[in-house]
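> Just need the whole structure built from these sequences, with the hints factored in.
Quick mapping for you: the protein sequence lines, in order, are chains A and B. The first sequence runs 4 to 523 under the working numbering. The second sequence runs 2 to 140 under the working numbering.
Keep in mind that the hints were calculated from the coordinates and are not lab data.
The calculated lysine to aspartate or glutamate pairs, modelled on DMTMM-like cross-linking and capped at a C-alpha distance of 25 angstroms, are: (1) A/K437 to A/D299; (2) B/K60 to B/D3; (3) A/K157 to A/E109; (4) A/K165 to A/D299; (5) B/K60 to A/E109; (6) A/K157 to A/D299; (7) B/K57 to A/E109; (8) A/K165 to A/D358; (9) A/K157 to B/E138.
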Amino acid sequence: MIAWLVASPILVPLTTAALCAVFWHRPALQRVLSLGGSTLLLILAGLLLARVMEGGVQVAQMGSWAAPFGITLVADTLSALMILIASVMALAVAVYALGDVDAVRERGGYHIIFQVLMVGVCGSFITGDLFNLYVWFEVMLISSFVLLSLGGTKEQIDGAIKYAGINLIATACFLLAVALLYGVTGTLNMADLAVRVPHVANKGLVSTIAVLFIIAFGMKAAVFPFFFWLHAAYHTPAVAVQAIFAGLLTKVGVYALLRCFTLIFTGDMGWTHGILMWIAGATMLTGALGSLAVRDLRRALSWQVVAHIGYMIMGLAIATPLAIAGTVFYLVHDIVVKTNLFLGAGVVRRLSGGDTSYARLGGLFTAAPILCVVLFVPLASLAGFPPFSGFWSKLLLVRAGLAVENWAIVAVALVTGLLTFWLVGRLWAEMVWKSNPAGDALGTASLGGAARVALVAPLVLLSAITVTIGLYAEPLMRVSAMAADGLVDPQAYIDAVLGAVPTTPTLVGAAEPAAMEVQP
Amino acid sequence: MDSLILRTATRLLLTLMILFSIFILWRGHNEPGGGFVGGLICAVAFALHALAFGVKEMKRLLVVDPRSLLGGGLLLGILSGFFAGPGGDPFMTARWIIFKDATGAKALALGTPVLFDIGVYLVVVGALLAMVQALMEED
Numbered sequence: 004m005i006a007w008l009v010a011s012p013i014l015v016p017l018t019t020a021a022l023c024a025v026f027w028h029r030p031a032l033q034r035v036l037s038l039g040g041s042t043l044l045l046i047l048a049g050l051l052l053a054r055v056m057e058g059g060v061q062v063a064q065m066g067s068w069a070a071p072f073g074i075t076l077v078a079d080t081l082s083a084l085m086i087l088i089a090s091v092m093a094l095a096v097a098v099y100a101l102g103d104v105d106a107v108r109e110r111g112g113y114h115i116i117f118q119v120l121m122v123g124v125c126g127s128f129i130t131g132d133l134f135n136l137y138v139w140f141e142v143m144l145i146s147s148f149v150l151l152s153l154g155g156t157k158e159q160i161d162g163a164i165k166y167a168g169i170n171l172i173a174t175a176c177f178l179l180a181v182a183l184l185y186g187v188t189g190t191l192n193m194a195d196l197a198v199r200v201p202h203v204a205n206k207g208l209v210s211t212i213a214v215l216f217i218i219a220f221g222m223k224a225a226v227f228p229f230f231f232w233l234h235a236a237y238h239t240p241a242v243a244v245q246a247i248f249a250g251l252l253t254k255v256g257v258y259a260l261l262r263c264f265t266l267i268f269t270g271d272m273g274w275t276h277g278i279l280m281w282i283a284g285a286t287m288l289t290g291a292l293g294s295l296a297v298r299d300l301r302r303a304l305s306w307q308v309v310a311h312i313g314y315m316i317m318g319l320a321i322a323t324p325l326a327i328a329g330t331v332f333y334l335v336h337d338i339v340v341k342t343n344l345f346l347g348a349g350v351v352r353r354l355s356g357g358d359t360s361y362a363r364l365g366g367l368f369t370a371a372p373i374l375c376v377v378l379f380v381p382l383a384s385l386a387g388f389p390p391f392s393g394f395w396s397k398l399l400l401v402r403a404g405l406a407v408e409n410w411a412i413v414a415v416a417l418v419t420g421l422l423t424f425w426l427v428g429r430l431w432a433e434m435v436w437k438s439n440p441a442g443d444a445l446g447t448a449s450l451g452g453a454a455r456v457a458l459v460a461p462l463v464l465l466s467a468i469t470v471t472i473g474l475y476a477e478p479l480m481r482v483s484a485m486a487a488d489g490l491v492d493p494q495a496y497i498d499a500v501l502g503a504v505p506t507t508p509t510l511v512g513a514a515e516p517a518a519m520e521v522q523p
Numbered sequence: 002m003d004s005l006i007l008r009t010a011t012r013l014l015l016t017l018m019i020l021f022s023i024f025i026l027w028r029g030h031n032e033p034g035g036g037f038v039g040g041l042i043c044a045v046a047f048a049l050h051a052l053a054f055g056v057k058e059m060k061r062l063l064v065v066d067p068r069s070l071l072g073g074g075l076l077l078g079i080l081s082g083f084f085a086g087p088g089g090d091p092f093m094t095a096r097w098i099i100f101k102d103a104t105g106a107k108a109l110a111l112g113t114p115v116l117f118d119i120g121v122y123l124v125v126v127g128a129l130l131a132m133v134q135a136l137m138e139e140d
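Shown next, in the form of structure tokens:
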């Protein structure tokens, strides 16, 4: 039955989406289904992680087709951890959507597409096949395109077109790289690739393919120089959509980079990881500077998404076990914080009359003091104040950088941290301390009973997670270290995939397997 | 579009095309064909009906909303994978019921892939007709 648990992160949201589509004309029922599906996904993801922590890498061969011929789903510590954290975000956003997504968007199929997006995200995390990963990226792209344009304002369509355009190029790169890799090795199963790629004679071609993958995944992850679509697209759609985009979508790109550049492309690390190091530094700096240059809360947060991707790439580029553990820790911390910040910015926007430019913000502390305390947590964590989660993740990466004596990247990381600190100070001054230019800001009571609970509860939950990770970092640190060990030494992953013996298909009615053979 | 020739021809063609699409679906079991192509042909039949008689008529003919049809097809596809469960096999492992003729030779093998194909058929019909409906209702 373990194969079913491994497949459940795809099956649960897919079934939820299908059920929502069947009840197309009943949005109330869709809301219940979406909440139920997200809760079930969370429970199963927890079980999966527990199982992986206990029994090592779990593998499922879909349709009993043996690897490397069929599609393999693989849950190692990293995959299971990412699915768990993604399902927490899905639940938080599903709750927030109850108070945020308007009737027009609901009738346009918001709940269905949201669940399909989760299928794509979870599928990308769990798959062990490169072409299958491409398929899940497509699922994510199509659903995120719909989510971006749902609502149909001019600004949204503009953002959606940029998003689709850049993603089509990324997709073309991805497909090209997959085709070349298949031509060179004759396989697309990731574990099988890990075995075969080192034996390819044409090393130059392998490096070229690796760079194509950096471009393809880098566009998804919004690294320098492919980040320009992000701030054009991310501040336009519904808040619930923004939050899940900022929290999860770019991190799927980081996950794909992390997977490919620890498992498959490890032959020429001086070249590939050297490129990644430059990308990491440039991404951190441009993101942090960009966030300081704009004078709008949501735009500044969009730029911060870019900046913090840089930290994760930095860990991947250093590639020591400590650095990889730092990247995994950072992924979890950043997903929670970014989702929280964008959801929080949505609430702030409502309280200050539908605008988040600095000129319109202010007076939040007199109007909604408890909300300010809740928002302080992700902001402080973003800047890396101890004892919040951002502090530990940055500490891990800086220590990893110092250990390999790469002073330049450590300096860039620290300067970026300082710039982020500056931004957080500015946001706090503009949003909370300054008196509101339009008179008094509204309190959370103005949101109205049920909507107030739906909008604020996810913020409290996510802030609580950030505080918990910060004060009691040990469990997550241990899981991150386990995930890093699995990535640095992928032998267990490879053995689990290629050594797993699938059961032969059972025939109902005819016992002999020969019945299926074609008779001459 | 109001054309007597088109309407008369559509009346005849609709049934034929739907029957042909089901034949293609069934043929796909062992030979070229299948749910996707079959679904396309069926969707074209309904789209032709919409062209000749208007979208309202098509909706009346279809009874269910195309988007619900899509969801139903998806559910059927997922369901076909669950038959693997009782035997302890992974998701999507095929299950077969094999019928034999009087001589004991294999005559017909019915399996869960057929169910999956019917699911694909419904998804394609639902998706295409949802698009046709959205585009034709716009103006």
